[in-house]
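Heads up: the sequence lines are chains H and V, in that order.
Numbered according to my numbering, the first sequence spans residues 1 to 342.
Numbered according to my numbering, the second sequence spans residues 1 to 487.
Any given hint might turn out to be false.
Stated by the list, open to error - Which residues of chain H face chain V? A few of them, derived with a C-beta cut under 10 Å, are:
#, residue
1, Asp24
2, Val25
3, Ser101
4, Leu102
5, Ala122
6, Ala126
7, Tyr128
8, Leu129
9, Ala216
10, Asn230
11, Ala274
12, Glu275
13, Ser278
Claimed, not checked - Label-pair ranges, simulated between beta-carbon atoms:
#, chain 1, residue 1, chain 2, residue 2, range
14, H, Gly99, V, Asn371, 14 to 24 Å
15, H, Gln256, V, Pro482, 56 to 66 Å
16, V, Ser30, H, Gly99, 52 to 62 Å
17, V, Asp311, H, Ser315, 36 to 46 Å
18, V, Arg462, H, Gly99, 47 to 57 Å
Rather than coming from a laboratory, the hints here were simulated on the basis of the structure.
Quick reminder that beta carbons are idealized off the backbone N, C-alpha and C, glycines included.
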Amino acid sequence: MTTGSAVPGAPAAGWHHRHLIDLDVVTWPEMELIMQTTAQMKGVLARPIRKVPALNGRRVTTLFYEASTRTRVSFETAARNLSADVVSISTGTSSVTKGESLVDTVRTLEALGAEILIMRHAVSGAPYLAAEVFGGHVLNGGDGWHAHPTQALLDLFTMREHVPGGDLHGRKVVIVGDILHSRVARSNIWSLTAAGADLWLCGPATLLRGFDRWAAQWSGGKVPGHGKFNVTSDINAALKDADVVMGLRIQRERMQGGLLPSLREYAARFQLDAERVSLAKPEAIVMHPGPMNEGVEIAPDIATSGRAVILDQVSNGVAVRMALLYLLAGSHDEAHTTEPGR
Amino acid sequence: MSAAKNLGPKVGEMVERFELVKAWLVDPVSGREGPGEIVVTDGVLDSVVWLEGPEAEGVTDRGVIVAPGFFDLHAHFREPGFEDAETVATGAAAAAHGGYTTVALMPNTQPALDEPGILARVRLAAAASGSPVEILAYGAVSAGRAGEQLSAMGELADAGVIGYSDDGSPVKTPKLLRSALLYAGMLGLPIVEHAEDLELTAGSESHEGYVASVMGLAGWPTAGEVSAVSRDLAVLADALGDEPRARLHLTHLSTAPALDLVRRARAAGLPVTCDVTPHHLAFTDEWIAGARRWAWEALAEDGTSRDPWIDGALTAGPYDTSLRVNPPLSTADDAAACLAALLDGTASAVVTDHAPHTIVDKEVEFGKAANGISGIETALGVLLSLVDAGKLPLARAIAALTTGPTAVMVAAGHVPGSAAARPRGLEEGVPADLVIFDRSGRWRVSSESLLSKGKNSPLIGRELPGRVLLTIAAGRLAYEDPQADLG
Chain H
1 MTTGSAVPGA PAAGWHHRHL IDLDVVTWPE MELIMQTTAQ MKGVLARPIR
51 KVPALNGRRV TTLFYEASTR TRVSFETAAR NLSADVVSIS TGTSSVTKGE
101 SLVDTVRTLE ALGAEILIMR HAVSGAPYLA AEVFGGHVLN GGDGWHAHPT
151 QALLDLFTMR EHVPGGDLHG RKVVIVGDIL HSRVARSNIW SLTAAGADLW
201 LCGPATLLRG FDRWAAQWSG GKVPGHGKFN VTSDINAALK DADVVMGLRI
251 QRERMQGGLL PSLREYAARF QLDAERVSLA KPEAIVMHPG PMNEGVEIAP
301 DIATSGRAVI LDQVSNGVAV RMALLYLLAG SHDEAHTTEP GR
Chain V
1 MSAAKNLGPK VGEMVERFEL VKAWLVDPVS GREGPGEIVV TDGVLDSVVW
51 LEGPEAEGVT DRGVIVAPGF FDLHAHFREP GFEDAETVAT GAAAAAHGGY
101 TTVALMPNTQ PALDEPGILA RVRLAAAASG SPVEILAYGA VSAGRAGEQL
151 SAMGELADAG VIGYSDDGSP VKTPKLLRSA LLYAGMLGLP IVEHAEDLEL
201 TAGSESHEGY VASVMGLAGW PTAGEVSAVS RDLAVLADAL GDEPRARLHL
251 THLSTAPALD LVRRARAAGL PVTCDVTPHH LAFTDEWIAG ARRWAWEALA
301 EDGTSRDPWI DGALTAGPYD TSLRVNPPLS TADDAAACLA ALLDGTASAV
351 VTDHAPHTIV DKEVEFGKAA NGISGIETAL GVLLSLVDAG KLPLARAIAA
401 LTTGPTAVMV AAGHVPGSAA ARPRGLEEGV PADLVIFDRS GRWRVSSESL
451 LSKGKNSPLI GRELPGRVLL TIAAGRLAYE DPQADLG
């Protein structure tokens, strides 16, 4: 498909989710549709004027209960590229600081005209509550430890761009770091096991808690549409012959929680440095959802090496979010009102 | 024989004359069940007749059942302090709708029930309610439930509390628990302990396991309960050396290893009892992901939990805050362990831990929602679902709601026959204390059908068996189904 036909006026066929909160209910064909739509949006971004009228007059509101610059700017850029009207609510300056409940805030935003609500929240599951009371579409920009679907989808898109043939089937993808607290890892489990990747999760035992059990539960690949994945604390085994290596941010709070002795010790054992990354395939790419702690989970020379596709992730993020806004905005005619949040 | 709608009295008034012919009677004191009839005259259970031969024909345990009124050892009626969530009056009405005629209230009110003045206030509210449901109360273990120093335990005993608990929280330190066991033992009363290791459970949202991992919920480890039970049993064993009347009751146990510890402690002769709740018997953590099958339907043949994602068993929305409860809903195998404990006598009773909350405290993000399930009206239906599934004999279910709680109170030092230890059988010549329900009569749980102010039930929208037709407490009408026809 050419970029010229990228943004037709009619709703996209094959998309029927009213909200996008997690990838657990998104089938592989639907993920493929998102990938195709993202490619079209990337075409838009390659034009001299990066703006199309697809969402002209549609009202998009970002509601961020957690501090974030990059994700919010990415969503807002995506919405503006589609000519949507964007309203930005940050909880530091809203009535949330006066104790307003999430439900009341969402109802208020709807009364003010919000049609698509992009939400980030520190509590897992919060967007499902919003979706229960919101008449429009909820797009999850990250909830607690639970899900970050747009990140997983931009990761998927970026991997397919770089992996020869664009097919992740059988490709070894390794995610290293604080898996326990990571919504990025959780959403990537759904997408990458659907893509048929050979997924490995790696980190210190304290930051993998519960994932052994999850991996064991899926070991037979018995969840319809999803394969198995591996969990290990052995960084060398994880990285060996990998096609994709993804580092996750390590937060200082983890030391206060008694989960890690020190950042220094984490870096000594798990940092993605030149020596460890050399265990991966020569053509392997290195990814990171950002923001990075260079020198902790990733060595500066790796972060800026030719293998790193971290800035591609950022630019693909805008295209993926344009695609999702476009798909969600077109889904209202066949909105599945019987499945709030699902 | 009169139809219930013609019974005459209003709630609180004496039942002057009531007969029921050809019902299924269950008497957990004598252990007898079968066809029979009862007559209540001037509030007294005048006659209990067991039918045999042709007269008994057609009467089965699938129809109308007569049992002694239920006794809930653990409920929260929120008064004083949280009257928007429940009051003694609404709680008593809900209890009677659930078949209960006696309820023991936990002291985590505001202010906490840590001195006799608060108890007097609760009793005034009970008297003013007009309900004949008997309201008993625990005193707090510690002043203000703060875990620093003992409450006015002796004065509370004189005023009539039936035991002590800091429920909602564990007794804060082993040292304070030891003192509490000694002092309460001296007074002939038990410590009722909410077993939770707060260090291990801080910040936890859901049972630590597969479901919590997938859903990104902070895990509540099994050790959070087991570690606390270990502590409590060790302190009890120690305290007994100084005060042989020290007694411990562990409430709402929810995990297999914790129940195992109690099983072994009881076998070794330690004076400890425990109870389990309907929700830990019947619901599991997969409900938080959106499953709604009963715990026993989620159990694989090898005794492990089935996978709701593999089974495609997710039928409701995820993160329903009505499922947030302390201790958290666990796996199907833990639920099976609760049932096994009930069947082998490790657990003496089923308690509701009825915990009504306002919509303000529940219509929030899962991790911010208040803990607790409004359950006093659904306990019977949940247990009957276990009975219908062939997992629990009817007589055992009734015993867990009647003689089981009494046995806990007797083991705790209460004199048999005293207020907290009435026998709860179908005894002639004493004030009628009965529940009559239609085992096969289904009713829909809804905001309208629940009499409790707390609508925080994960069973909303679901039909349960065991519609309660009539509850008589102390010879007086406590609840009458407006649609019932007992004629």
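Going through the hints against the structure:
1. Hint status for H/Asp24 relative to chain V: holds, with the closest Cβ pair at about 8 Å, below 10 Å.
2. For the restraint placing H/Val25 at the interface with chain V, the shortest Cβ-Cβ distance is roughly 9 Å, inside the 10 Å limit, so the hint holds.
3. Nearest Cβ of chain V to the Cβ of H/Ser101: about 6 Å, under the 10 Å cut. The hint holds.
4. The closest approach between the C-beta of H/Leu102 and any C-beta of chain V is roughly 6 Å, which is under the 10 Å cut-off, so the hint is satisfied.
5. Interface restraint check for H/Ala122: the shortest CB-CB distance to chain V comes to about 8 Å, inside 10 Å, so the restraint holds.
6. With a least beta-carbon distance of about 4 Å to chain V, the hint placing H/Ala126 at the interface is held under the 10 Å criterion.
7. Taken as an interface hint, H/Tyr128 checks out: its beta carbon lies about 5 Å from the nearest beta carbon of chain V, inside 10 Å.
8. Interface restraint check: H/Leu129 against chain V, minimum CB-CB distance 6 Å, threshold 10 Å, status holds.
9. With a cut of 10 Å, the hint placing H/Ala216 at the interface with chain V holds, because the nearest CB-to-CB distance is about 9 Å.
10. At a threshold of 10 Å, the smallest CB-CB gap from H/Asn230 to chain V is about 15 Å, leaving the interface hint violated.
11. Hint status for H/Ala274: violated, given a least beta-carbon distance of 33 Å to chain V, over 10 Å.
12. Contact between H/Glu275 and chain V, as hinted, is not supported at the beta carbon level, the nearest pair being about 31 Å apart and thus beyond 10 Å.
13. Interface hint status for H/Ser278: violated, as the beta-carbon distance to the closest one in chain V is roughly 32 Å, over 10 Å.
14. Remark: the range hint 14 to 24 Å for H/Gly99 to V/Asn371 is upheld by a beta-carbon distance near 21 Å.
15. A C-beta distance of roughly 58 Å is found between H/Gln256 and V/Pro482, which places it inside the suggested range of 56 to 66 Å.
16. Against the hinted window of 52 to 62 Å, the Cβ-Cβ separation of V/Ser30 and H/Gly99 comes to about 57 Å, which satisfies the hint.
17. Range check, V/Asp311 to H/Ser315: about 40 Å between beta-carbon atoms, so the 36 to 46 Å window is met.
18. Checked against the hint of 47 to 57 Å, the C-beta distance between V/Arg462 and H/Gly99 comes to roughly 33 Å, which is inconsistent with it.
Of the hints listed earlier, those the structure fails to meet are numbers 10, 11, 12, 13 and 18, in rising order.
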